[in-house]
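Engineer: Sequence:
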Amino acid sequence: LCRLCSARTSALASLPALPASGPGAQIGPMPSAEGHMTALLIAFGILWSADALYLPGVAPHEFQDGEEVPIKVNKLSSTLTQLPYDYYALPLCRPKELKNSVENLGEVLHGSKIQNSPYELRMGRSELKVLCKVDLNRVQAYSFGMRIKEDYRVHLIMDNLPAATRMISQLPDGRTVTMYDRGYRLGFMGSKAYPGTKVGMPYVNNHLRFIVKYHKDPESFVGARIVGFEVEAFSVKHAYRGEWGKDAKLTSVPLSPV
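Going by this note's numbering, the first residue of the sequence shown is number 2, and it counts up by one from there.
Hints were generated in silico from the structure; no laboratory data involved.
Be aware that a few hints might be false.
Unchecked claim - Computed list of lysine to any residue pairs in SDA-like fashion (alpha-carbon distance at most 25 Å, straight line):
#1 K97 to D152
#2 K134 to E231
#3 K100 to P71
#4 K100 to Y89
#5 K114 to N101
#6 K130 to D174
#7 K150 to N101
#8 K247 to R167
#9 K134 to V254
#10 K217 to N101
#11 K238 to E151
#12 K217 to Q65
#13 K97 to L81
#14 K217 to R123
#15 K193 to M168
#16 K97 to P119
#17 K247 to C94
#18 K100 to K193
#19 K114 to D152
#20 K97 to T80
#21 K114 to L99
#22 K134 to R242
#23 K238 to L129
Let's have the full structure, built from the sequences with the hints guiding it.
Structural biologist: Printed below as a string of structure tokens:
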């Protein structure tokens, strides 16, 4: 999931942790009442870390400071249904123009459908951005809720590396093990295990934190090579003040990394 054979990472900047509890960005009951509209605010932040090594044989790109780092989207997948969906089959944030962008022959044979995304990242820049605001009608909200209930995962790609979610598991002997799972969960179902949520209510992960690991070696090349791409997904009931599209400002999370 990353070009890592060893790592000595140090955070250059950090984004504030978001509350795991609370109402979050709930989709609504399934099915919802006639005329039900749900507004979703999609936000993401970037965290960069340095001094990691890449595996030989994988040819990364050397990104210069401030250079755009494209993020591409792949299909949605579920181990429960085994039925993949196109990323844009759901009303997720879209770029102005959709472009197909298969990375290599293996992805063609695998049946991947890779497309561009509206995410805007720059090498070495840690910041928080609002991606878009989506108003869901009754049918769209129901579709979102069903995909969440079926445990679908979202797959992103950065510089040929798939996004991964880091998980910490505790063994019976008390030791902890770090594991990675491809992609991130589209959302989760409310339960007693998540304080502040309604049991059986789908919640969408509408706030993403990107952790990008890179390696620099001035004696060998100029720039930075991306060696790892992690995603932390949160469900946040975003709020803003002002008029959307004009002077709106997000008030639910800090507007800049700390």
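Engineer: Does each hint fit the structure? Answer for all of them.
Structural biologist: Taking the hints in turn, this is what the structure says about them:
This hinted pair does not check out: K97 and D152 have alpha carbons roughly 28 Å apart, beyond 25 Å. The straight-line distance between the Cα atoms of K134 and E231 is roughly 24 Å, inside the 25 Å bound, and the hint therefore holds. About 13 Å separates the Cα atoms of K100 and P71, which keeps this hinted pair within 25 Å; it holds. At most 25 Å may separate the alpha-carbon atoms for a hinted pair to count; K100 and Y89 meet this at roughly 12 Å.
Taking the CA atoms of K114 and N101, the gap is about 7 Å. The hint holds against a cut of 25 Å. About 42 Å separates the Cα atoms of K130 and D174, which puts this hinted pair outside 25 Å; it is violated. This hinted pair does not check out: K150 and N101 have alpha carbons roughly 28 Å apart, beyond 25 Å. Using a Cα cut-off of 25 Å, the hinted pair K247 and R167 is violated, with the two alpha carbons roughly 37 Å apart.
Simply put, K134 and V254 have alpha-carbon atoms about 16 Å apart, close enough for the 25 Å limit, and the pair holds. Straight-line distance between C-alpha atoms of K217 and N101 comes to about 30 Å, which puts the hinted pair past the 25 Å bound. A C-alpha spacing of about 22 Å is found between K238 and E151, which places the hinted pair at or below 25 Å, so the restraint holds. Our distance criterion of 25 Å between C-alpha atoms is met by K217 and Q65, whose separation comes to about 10 Å.
Restraint check for K97 and L81: the C-alpha separation of about 33 Å exceeds 25 Å, so the hint is violated. Restraint check for K217 and R123: satisfied, since their Cα atoms lie roughly 16 Å apart, inside the 25 Å limit. For the hint linking K193 to M168, the alpha-carbon distance of about 21 Å falls within 25 Å, and the restraint holds. For the hint pairing K97 with P119, the CA-to-CA distance comes to about 8 Å; that is within 25 Å, so the pair holds.
Taken as a hint, the K247 and C94 pair is honoured in the structure, with Cα atoms around 19 Å apart against an allowance of 25 Å. A distance of roughly 42 Å separates the Cα atoms of K100 and K193; the hinted pair therefore is violated under the 25 Å criterion. A C-alpha spacing of about 20 Å is found between K114 and D152, which places the hinted pair at or below 25 Å, so the restraint holds. The straight-line distance between the Cα atoms of K97 and T80 is roughly 31 Å, outside the 25 Å bound, and the hint therefore fails.
At most 25 Å may separate the alpha-carbon atoms for a hinted pair to count; K114 and L99 meet this at roughly 12 Å. As the CA atoms of K134 and R242 are separated by approximately 14 Å, the hinted pair is consistent with the 25 Å bound. About 16 Å separates the Cα atoms of K238 and L129, which keeps this hinted pair within 25 Å; it holds.
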